[in-house]
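Asks: Protein sequence lines, in the order shown, are assigned to chains C and V. Mapping of the first sequence onto the UniProt record's numbering: residues 1 to 286, in sequence order. Mapping of the second sequence onto the UniProt record's numbering: residues 1 to 256, in sequence order.
Everything labelled a hint here was simulated from the structure, so no lab data went into it. Heads up, none of these hints are tricks.
Listed below are the simulated EDC-like cross-link pairs for lysine to aspartate or glutamate, each with C-alpha atoms no more than 16 Å apart in a straight line:
| no. | chain 1 | residue 1 | chain 2 | residue 2 |
| --- | --- | --- | --- | --- |
| 1 | V | Lys8 | V | Asp57 |
| 2 | C | Lys192 | C | Glu175 |
| 3 | C | Lys173 | C | Glu145 |
| 4 | C | Lys140 | V | Glu80 |
| 5 | C | Lys173 | C | Asp222 |
| 6 | V | Lys8 | V | Glu60 |
| 7 | C | Lys140 | V | Glu78 |
| 8 | C | Lys192 | C | Glu114 |
| 9 | C | Lys235 | C | Asp248 |
| 10 | C | Lys235 | C | Glu249 |
| 11 | C | Lys153 | V | Asp145 |
| 12 | C | Lys153 | V | Asp144 |
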Amino acid sequence: MSDYNFAYLDEQTKRMIRRAILKGLAIPGYQVPFASREMPMPYGWGTGGVQVSAAVLMPDDVFKVIDQGADDTTNAVSIRKFFERTAEVAVTEATTEATVIQTRHRIPETPLTEGQVLVYQVPIPEPLRFLEPRETETRKMHSLEEYGLMHVKLYEDIARHGQIATSYAYPVKVEGRYVMDPSPIPKFDNPKMEMAAIQLFGAGREQRIYALPPYTKVVSLDFEDYPFEASKPDKACDLCGAEHSYLDEVITDDQGGRMFVCSDTDYCASRRAAGHRGALAAEDAA
Amino acid sequence: MTPLLQVKDVTKMYGQRIGCRGVGFDLYPGEVMGIVGESGSGKSTLLNCMAGHMAPDAGEVVFHTRDRGPVDTVTMSEPERRMLGRTDWAFVHQHARDGLRMSVSAGGNIGERLMAVGARHYGDIRTQAEDWLGRVEIDAARLDDRPTAFSGGMQQRLQIARNLVTGPRLVFMDEPTGGLDVSVQARLLDLLRGLVRDMGLSAIIVTHDLAVVRLLADRLMVMKDGHVVETGLTDQVLDDPQHGYTQLLVSSVLQV
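Okay, chain C solo, but in the shape it has when bound (with noise of 0.2 Å):
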């Protein structure tokens, strides 16, 4: 038995977050304010979306955590931890057997499924921030539905660098609606948002939670003559010899070798259990 309360939060923060999540949901895409608590790690390490998992989680959840796609590094490790420990629910790392997802900077790549909640940890809610530094604007902006400003960063992008340059926490608009950053995912995630399963958004130090319920529509930003573009290296990976996952650069010695590898670790470990092989397997394994 842990000395915590379960899921370390109290029970009536957590309903706090919950009305926040029930807000979220209702109006998708809107940013809802929430009494955001300390968190024992540091701002920036996933302390909102650490607050939506404990809001959310149950006993008998199954508990993923990823960071930048995998299940092995110090940020997952750290948070998966803290919930074996303060609510003692099972953990895993296969995508297909989690009911919960916590996640910075990544959509898995086996899509979900309805049942699973998927968990975003968000530096900076509003896309309009380094557009427009005023806070009460912003909120008029997204009151009113004043989104060209939005457009003038692609369009500044397409000037300097004759493309789209933005490649992660690429806008959408949801439903028709609201602009909403979808954290920093890269773009190439982007069209995985309109999935069977609820997508939850915590920013633990801007104190905001908004969230996407399953099915919902969600369009990247573009111009009619420079259309979005899912973009990935044009690599296939060289541990499983995935085509179409995000691929992570590796630089493996300092004569320019390099190799590219599935940013989504458990995707890649049961392609390669499947017997899917890279250009590079052998060597890896040696």
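Please arrange chain V on chain C, whose structure you already have, making use of the hints.
Replies: Below, chain V without anything else, positioned relative to chain C:
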């Protein structure tokens, strides 16, 4: 002919102090109205009340909208007023920095209003931005430069281009030539005069520079201590001032 803008009894108080009191006039399409007066006479307060930046304590500002005819902009809903603010109205600030996005290229600055009203074709937006840059006499090669790299006069011209790109019918100008040296001022005034005539714009120009109104304004309104002390045709007021303050103002102009 119906007036484009009818201002009726506009009053704005700052606590006990008067911002402006009981100001009213009609502005007809194609007409340029000058408002002159010394610092603190309430001309900027009046302009801000008319442009919807500030809510007057009393009075009406009736604008002849394209679709609904005359509407009081003071009581209209905020989304409507802001929509007017980026379509049929334009506001040229005294300091170009207040009216421009300094971290966005000239093209982006001009395109912002177009994108705000729904333009979603990059090529079209860019063509229009180029066209407008030419109309305010800025080299098209500067399209991707930021306004921080522009001179004061160029910034002011860019601000004007950015405002006029959606083809507004009414332009508010708050000391458009303030802080510019005389040769740049002359060029800007020449440009403004051309644009006003070509586009058939109506404009309200607030300034303390009598030369500016002499050149641009059809009619003139002289303000002092929040009140209008004299109105009339520009040449009439400047050549034969009736009110003591106007006489003082006209005689204060330095002769070279």
